[in-house]
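Produce the entire structure from the sequences given, and follow the hints as far as they go.
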Amino acid sequence: MSDTYTSNLLHCVFSTKQRAAIIPADRLEHLWAYLLGIARNMKIKILAIGGTSDHLHLLIALPPTMSLAKVICDMKANSSKWLNESRPAVCVAGGLRSFQREPLTRRRCSALHPQSG
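Sequential numbering from 1 applies to the sequence shown in this note's numbering.
Keep in mind that the hints were calculated from the coordinates and are not lab data.
Since this is a predicted model, take the numbers as computed values, not measurements.
Some hints here could point you the wrong way.
To be verified - If you anchor each label on the Cβ, the simulated ranges turn out as follows:
#1 D3 to A25: 41 to 51 angstroms
#2 L36 to S67: 13 to 23 angstroms
#3 G50 to Y5: 26 to 36 angstroms
#4 V13 to N41: 19 to 29 angstroms
#5 Y5 to D26: 37 to 47 angstroms
#6 E29 to D3: 22 to 32 angstroms
#7 Q18 to P63: 24 to 34 angstroms
We put the beta carbon where it would ideally sit given N, CA and C, even for glycine.
So, in structure tokens, the structure goes:
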């Protein structure tokens, strides 16, 4: 099969420990940019990103050669470290903890985020 096409679109949500509102509002956009940089270095695409002071949402196009566990582990570890280093007065109490993922169909993805289709 020389013409194989794979589409792994995943809506990933991860939160702070005990959903504590500890990500400062003025750091959210910087955090999103940092996560986009991590993704770029890992050669994965984040199609949409958002969140609040206690959780983040990522719409990821995961390559078939990449493990979701590896991607999330690296993103959570690096973003937690960056948050703690960039704003030491605000401790990210154990970092970003819980994680949930939801596979999306292309149609549903386009409905949720029109620029991704």
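To see whether the hints hold, each was checked on the structure:
The hint said 41 to 51 angstroms for the Cβ distance between D3 and A25, and at roughly 47 angstroms that hint holds. At about 20 angstroms, the beta-carbon gap between L36 and S67 stays in the expected band of 13 to 23 angstroms. Range check, G50 to Y5: about 28 angstroms between beta-carbon atoms, so the 26 to 36 angstroms window is met. Distance hint for V13 and N41: a CB-CB separation of about 22 angstroms, consistent with the stated range 19 to 29 angstroms.
As the Cβ distance of Y5 to D26 is approximately 41 angstroms, the hint placing it in 37 to 47 angstroms holds. Roughly 40 angstroms separates the CB atoms of E29 and D3, a value that falls outside the hinted 22 to 32 angstroms. Checked against the hint of 24 to 34 angstroms, the pair Q18 and P63 passes, with Cβ atoms roughly 33 angstroms apart.
In the structure shown, a violation is registered for the earlier hint numbered 6 alone.
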